[in-house]
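I would like the entire structure built from these sequences, with the hints used as guidance.
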Amino acid sequence: MEYTAKELMVVCAARQIRDHERVFVGMRLPLIAFALAKRTHAPDCVGLFESGTLRDSPADELLYTMGDAPNITDSLWATSTLHVMGLMATGEIDLGFIGGAEIDRYGNLNTTLIGDWEHPTVRLPGSGGGADIASLANRLAIIMPHERHRLRERVDFVTSPGYGYPDEQGPAGVSWRMRQGLPRRGSWLQRQGLPRQGPCALITTLAVFTFEFTTGEALLQSYHPGSSIEEVQAQTGWPLRLAPDCAETVPPSAEELAVIRACDPQGVWTR
Amino acid sequence: MSKLTSMAEAIARYVPDGASVAIGLALEALIPHAAAHEIIRQRRQRLTLIGPISDILFDQLIGAGCVEKIQAAWVGNVSEGLAHCYRRATEKGIPHPLVTESHSNFSIGLALFAAGMGSPYIPTLSLLGSDIPRHNPHLRVEASPFDGSPVLLVPAIQPDVAIIHVQRSDEEGNAHLWGNLGIAQEAWLAARDVILIAEEIVDHALITSDPNRVPGPFFKVRAVVHEPGGAHPAPVQGYYNRDHAFYHEYHTATRTLEGYQTWLEEWVLGVPDRAAYLEKLGEQRWQALEVKKHRYAAPVDYGY
Numbered sequence: 004m005e006y007t008a009k010e011l012m013v014v015c016a017a018r019q020i021r022d023h024e025r026v027f028v029g030m031r032l033p034l035i036a037f038a039l040a041k042r043t044h045a046p047d048c049v050g051l052f053e054s055g056t057l058r059d060s061p062a063d064e065l066l067y068t069m070g071d072a073p074n075i076t077d078s079l080w081a082t083s084t085l086h087v088m089g090l091m092a093t094g095e096i097d098l099g100f101i102g103g104a105e106i107d108r109y110g111n112l113n114t115t116l117i118g119d120w121e122h123p124t125v126r127l128p129g130s131g132g133g134a135d136i137a138s139l140a141n142r143l144a145i146i147m148p149h150e151r152h153r154l155r156e157r158v159d160f161v162t163s164p165g166y167g168y169p170d171e172q173g174p175a176g177v178s179w180r181m182r183q184g185l186p187r188r189g190s191w192l193q194r195q196g197l198p199r200q201g202p203c204a205l206i207t208t209l210a211v212f213t214f215e216f217t218t219g220e221a222l223l224q225s226y227h228p229g230s231s232i233e234e235v236q237a238q239t240g241w242p243l244r245l246a247p248d249c250a251e252t253v254p255p256s257a258e259e260l261a262v263i264r265a266c267d268p269q270g271v272w273t274r
Numbered sequence: 005m006s007k008l009t010s011m012a013e014a015i016a017r018y019v020p021d022g023a024s025v026a027i028g029l030a031l032e033a034l035i036p037h038a039a040a041h042e043i044i045r046q047r048r049q050r051l052t053l054i055g056p057i058s059d060i061l062f063d064q065l066i067g068a069g070c071v072e073k074i075q076a077a078w079v080g081n082v083s084e085g086l087a088h089c090y091r092r093a094t095e096k097g098i099p100h101p102l103v104t105e106s107h108s109n110f111s112i113g114l115a116l117f118a119a120g121m122g123s124p125y126i127p128t129l130s131l132l133g134s135d136i137p138r139h140n141p142h143l144r145v146e147a148s149p150f151d152g153s154p155v156l157l158v159p160a161i162q163p164d165v166a167i168i169h170v171q172r173s174d175e176e177g178n179a180h181l182w183g184n185l186g187i188a189q190e191a192w193l194a195a196r197d198v199i200l201i202a203e204e205i206v207d208h209a210l211i212t213s214d215p216n217r218v219p220g221p222f223f224k225v226r227a228v229v230h231e232p233g234g235a236h237p238a239p240v241q242g243y244y245n246r247d248h249a250f251y252h253e254y255h256t257a258t259r260t261l262e263g264y265q266t267w268l269e270e271w272v273l274g275v276p277d278r279a280a281y282l283e284k285l286g287e288q289r290w291q292a293l294e295v296k297k298h299r300y301a302a303p304v305d306y307g308y
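Top line first, the protein sequences correspond to chains A and B.
For the working numbering, count along the first sequence from 1 and bump the result up by 3.
For the working numbering, count along the second sequence from 1 and bump the result up by 4.
Take the hints with a grain of salt, since some may be wrong.
[Said to hold, decoys possible] Derived list of chain A stretches under chain B, where covered just means 3 residues or more per stretch with a C-beta under 8 Å from a C-beta of chain B: (1) 43–50; (2) 75–81; (3) 85–99; (4) 142–150; (5) 227–235; (6) 243–251; (7) 254–263.
I should point out that these hints are in silico values taken from the structure, not numbers from a laboratory.
Cβ atoms here follow ideal geometry from the backbone N, Cα and C, with glycine treated the same way.
Written as structure tokens, this is what we have:
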């Protein structure tokens with residue numbers, strides 16, 4: 004069955020959503036991933052939008068932005084940005100989605116600028132809510148195009164922290180103790196004072212990465228049908244490490260594609 | 005006392021050169037584009053713009069040379085991508101250099117919230133480990149006096165003026181706002197002055213029939229501008245939908261400096277006011293944006 008890279012990315016994003024979860028939905032592909040998860044394996048998940056909206060059903064029309072009028076109609080709660088951000092800060096949000104221009108092997112994401120602060124070669128739009136979602140959601144999934152200049156050894160600017168970097172005080176990542184709710188010490192997230200546990204997935208046009216949380220390093224979890232470990236390596240700016248069960252990405256089912264195409268019949272976001 | 009004012013007079017009186025202006029506060033909805041266009045027509049300079057994401061409004065003001073400083077989470081074109089005027093200003097100093105004090109949506113909201121609470125700052129755990137606080141001289145990471153753990157201190161931002169688009173207001177500035185609110189209420193409570201841009205002017209009794217829908221007090225409102233269609237191309241819940249194509253056209257047209265100047269002449273400088281703008285947009289295009297499926301709330305009883 005034919006499908007586009009973006010349709011497969013939507014499917015991979017939807018698979019990150021578990022039933023009954025509270026999901027901080029980002030822009031573009033996650034808007035459709037939320038609808039797909041609701042209509043397949045996670046009928047009781049709910050979506051929150053940083054504009055200040057809570058929904059238990061996807062909007063009736065394709066959304067160009069989360070602020071579109073159909074996203075308010077029949078919502079559960081229309082409120083302020085601080086209320087939904089505050090929920091995330093208190094640990095109530097299970098999963099957040101963000102995108103970015105650049106990412107590194109430790110899941111640190113740049114949406115601020117290419118080059119240096121004083122002399123940027125490309126000024127990007129900035130954080131929006133991305134840095135908040137990275138800081139405060141219990142799990143974080145990142146969606147972006149896979150190109151060698153975007154997946155770098157180190158990003159020019161850490162807008163949204165992932166697992167940080169190893170330094171003289173210790174490794175990147177998050178320790179077992181913090182994973183188990185024990186007092187903070189040790190690795191990068193704790194040293195910064197971040198309350199959560201870093202990214203769980205990086206979904207690209209070629210592959211899906213997971214993260215080894217004790218080192219903070221990305222592991223190639225799966226490569227998309229039609230791609231290969233070699234191609235992913237060629238398009239990635241750090242030496243790949245493979246997850247022990249690294250395999251080909253499970254392709255979309257006919258049902259998943261049907262739901263996506265019903266949401267986005269013109270292919271605005273998915274073609 | 006009626007505060008009804010023309011757009012031109014409201015901007016002339018309450019948005020002077022050098023003012024700090026909170027605008028575009030409900031994220032993608034209710035963006036007061038008509039007010040921004042009047043600011044450009046009056047050639048305002050050295051403004052500080054405060055907001056969360058602004059969509060294309062900040063970009064237009066930057067390109068027109070009105071802006072000295074940005075205190076915002078995001079400057080771009082939400083459905084299209086990068087902001088061309090913001091790029092030209094930051095990367096090449098065209099039309100002049102720009103200072104950006106980066107925020108996130110949470111931190112800019114907290115800064116306004118702090119001002120509205122009369123607090124000097126608010127601590128948060130967001131943005132710890134991000135480079136944003138390293139490049140914004142007003143954000144500080146400190147050890148908590150309680151347990152020594154790191155906290156980010158977000159100082160209060162009090163805008164000189166907040167320009168807030170609402171569905172309806174009475175002549176005194178008692179207003180109804182609905183849909184997602186973004187940080188509009190925080191800005192109303194933080195700012196020294198508030199300008200309301202209203203789709204409709206209604207009777208005082210209609211507002212008092214539903215006081216829970218009022219975002220802030222009338223006594224901070226200095227001017228009420230009746231400006232139907234004043235948020236286009238942004239949506240206003242219950243009034244009109246987002247004109248997605250307009251954002252695409254802006255994105256395409258403003259790729260080059262010359263293209264931006266042509267766009268500005270066509271849609272802002274060459275148009276005297278919002279009524280003329282809507283006429284230029286055309287009835288057919290406007291009708292396509294109108295609300296097709298109404299969804300009225302059930303009435304509530306405030307009686308005793």
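Hint-by-hint comparison with the structure:
no.	hint	in the structure
1	43–50	violated (count 0)
2	75–81	holds (count 4)
3	85–99	holds (count 3)
4	142–150	violated (count 0)
5	227–235	violated (count 0)
6	243–251	violated (count 0)
7	254–263	violated (count 0)
In terms of the numbered hints stated before, the structure departs from hints 1, 4, 5, 6 and 7, listed from lowest to highest.
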